[in-house]
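Engineer: Each chain, letter by letter, is given below.
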Amino acid sequence: MSDNIPLEAQELIRRFNADQQRADAGKATQRTTSETRELPRRNVTAKELLAEAAKLGCEIRAGGKHTKIIGPDKRKIGIPVHGGGHGNILATGTAISIDRWLANYRQTGVASPRSETPSQASVLAARSRTGIK
Amino acid sequence: MADPREVRLSIWMERYEGEQNWTAHVPALEQAKDSPFIPLGQGPTPEAATLSVTEQVEEELTENPGLLDHIQTGPQEVAASTIVIKVPSPNVR
Chain G
380 MSDNIPLEAQ
390 ELIRRFNADQ
400 QRADAGKATQ
410 RTTSETRELP
420 RRNVTAKELL
430 AEAAKLGCEI
440 RAGGKHTKII
450 GPDKRKIGIP
460 VHGGGHGNIL
470 ATGTAISIDR
480 WLANYRQTGV
490 ASPRSETPSQ
500 ASVLAARSRT
510 GIK
Chain U
49 MADPREVRLS
59 IWMERYEGEQ
69 NWTAHVPALE
79 QAKDSPFIPL
89 GQGPTPEAAT
99 LSVTEQVEEE
109 LTENPGLLDH
119 IQTGPQEVAA
129 STIVIKVPSP
139 NVR
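Listed in order, the protein sequences are those of chains G and U. First residue of the first sequence? That's 380 in the working numbering, and the numbers climb one at a time after it. First residue of the second sequence? That's 49 in the working numbering, and the numbers climb one at a time after it.
Source of the hints: derived by calculation from the structure; they are not laboratory data. Treat the hints with caution; some may be incorrect.
Claimed, not checked - Here are some of the chain U residues that sit facing chain G, going by a computed Cβ distance under 7 Å:
id	residue
1	Tyr64
2	Pro87
3	Thr102
4	Asp117
Note that the Cβ used here is the ideal one computed from N, Cα and C, for glycine as well.
Based on the provided sequences and hints, a complete structural model is requested.
Structural biologist: What follows is the structure, given as structure tokens:
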């Protein structure tokens, strides 16, 4: 740099140039990333989703050509693999739908009131009439 | 025993780039607020995914005939297409 420029100014210029280089490098990386595309892959196997479903209180019914997950409120979702294929990675479209369905139970964390069986409902109704909690 | 009757049910399918398998969805059941069952079909071809989801629905109907009510209130036909959109080039400094 020119000897006429004060040292403080030279340091500011040096820092400015370094910041510009970093910013340009970041833009180049961003362009590269957008070109390669981050796909919403789940890369999960049926086994992993079934394990999570079980932790959320769901029942797993395996058998035949398909496996079903039964939620605490008795709603079901089908997993399109049979028992032997649980270790295979699911298609992203499949994984996203199952993930979205499981999100209902992750958020609530408890069973829906509709999970009451008719016998449970009658017991609860009787308790409410007698004031027993 | 009477022969089973046939009911039309619309499905749509998707496949992500780089993956082999298609996923088949049933909008009448997947999008319904109180759907008791969501079938998901999967297969290396659209036909295989269709067969997979068909089997699931038929199997569930034997256990839960009430599922038919949800099926019959859903769309009978859907159409899917792929469109081409123009994306403006990012400005480069």
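Engineer: Quick check on Pro87(U) please, does its C-beta sit within 7 Å of some C-beta on chain G?
Structural biologist: 5 Å, holds
Engineer: May I ask you to test the interface hint for Thr102(U) with respect to chain G, counting a Cβ-Cβ separation under 7 Å as satisfied?
Structural biologist: At 11 Å from the nearest chain G Cβ, Thr102(U) fails the 7 Å test, so the hint is violated.
Engineer: Less than 7 Å between beta-carbons is the criterion; does Asp117(U) satisfy it with respect to chain G?
Structural biologist: Since the shortest Cβ distance to chain G is 15 Å, the answer is violated.
Engineer: With a cut-off of 7 Å on the beta carbons, see whether Tyr64(U) makes it to chain G.
Structural biologist: With a closest approach of 4 Å, the Tyr64(U) hint holds.
Of the numbered hints given earlier, the model fails hints 3 and 4; all others are met.
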